[in-house]
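A.B. asks: One letter stands for each residue in the lines below.
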Amino acid sequence: MPTSARNRGQVPSHFPTQNKGSVSDIPSSRGRTNRPIYLPENRGPAKLSLKLGNGPNPGGGNNNSDNNCPNLNIPKSKKTLTHQSHFDKKKKKKRRNEHLDRIIALHGRIFKILRSQVEKKTPRHGVDMGLQPDLGVDGNPKLDSKTGKPMAKGNKENYNLFAEKLEQFMKTSEMREGYFRKGRANQQEAIHFYDSATDRVASFNKETGEFISFWRMTPEQKTEFLDNNNVI
Amino acid sequence: MDRKYLELLKYEQALNVNGKSLSIENEPDYIKLITYEINFFDHFKWKKRNQYFSLITNLLEKRINIDQYITQLFKLENEIQNLVEELKLDLDKLQEFEPNLVSKGFSKPIADLCSDCRIFEPDSNLREDYELSETQIVNNLREIFLQIQEYA
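Protein chains in written order, with the working numbering: chain P, 1 to 232; chain S, 1 to 152.
Heads up, some of the hints might be wrong.
Stated by the list, open to error - In silico SDA-like cross-links for lysine to any residue, where the CA-CA straight-line distance does not exceed 25 Å:
1. K104/S <-> R184/P
2. K206/P <-> N125/S
3. K32/S <-> N228/P
4. K48/S <-> E224/P
5. K156/P <-> L114/P
6. K142/P <-> E121/S
7. K88/S <-> R3/S
8. K75/S <-> E224/P
9. K75/S <-> F120/S
10. K142/P <-> I119/S
11. K4/S <-> T223/P
The hints are simulated quantities; they were obtained by calculation from the structure and are not laboratory data.
Bound-form chain P, shown alone (with noise of 0.2 Å):
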């Protein structure tokens, strides 16, 4: 709000009066000086809970009239989500999708291609499985703050396009039988599907038939794999 000599130091038009609610002297807890803090004209300052944030409305006042005072604003997005809630939303996403989800019967074995992973998968190996990159302001493809590669939009249509690909990289590639994460504490025992042309692999969990991931491999990857059928 630009200033000015003449309404320096007045109240602005649109500041909470005495007309509307009150203006109280509360005493502060960490030794400032004290400041006057807004009330609304329905909550006597003897209501005013200093726990602002914990139950609901200790004031039992209209929710809606204390909006102006900036002491009593709690984002909504600090509210805190308890374990419980962090699993059901999980669960609820899960479900939502499965109609998405692909079953192949490939080679005598049944793979599934679930929506969640290919939502998880798509934006950093999208490209890879032939994606159009998602492009920036400045007309160069966005690259993956980590990895630094390009990566592909994260929207329903790429996620089909995925899925669809990803069936059709499975049934013209050779399958190898195998270890995902070879050597290490989680290591699965896989099947992989690979295009030694490019080097792309697709790698599946034996036990579940499930997807697991889809990249192109690194040179030190390429070796353990040729040799022994394991990704590492």
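Following the hints, put chain S in place on chain P, whose structure we already have.
C.D. replies: Showing chain S alone in chain P's frame:
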């Protein structure tokens, strides 16, 4: 550089021009070729070993967070990838190039570091069995750091 490697590289480049791939035409030769190339990665990564050491110690001593660690690790990896690609394009330089024998195997533990970062999932509710938490990454890092220190 080994003459056999140069022959394989030229053969692969000729196949690529014709839209073919050495890995399809002759997988054993392709394995030989990339095994040679791993020596380049060993060498260049070993030359930058102090950067890896400081990156790891910075994370272990909490001077950087996990996101900064991953970003810097992949930046280093991309730099080395570029160095190898540049070398492969310069046949004269390649003929003269000899990887330091001390560096042999150095890229393996580094590959493990990168592999861990690729499957990092900070959200415990979204984490799959094969993915890692920050604590798991740091624990793995301590083990890998011991292997890397042998190259100091």
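A.B. asks: Does the structure break any of the earlier hints, and which numbers would those be?
C.D. replies: Hint check: nothing fails, all pass.
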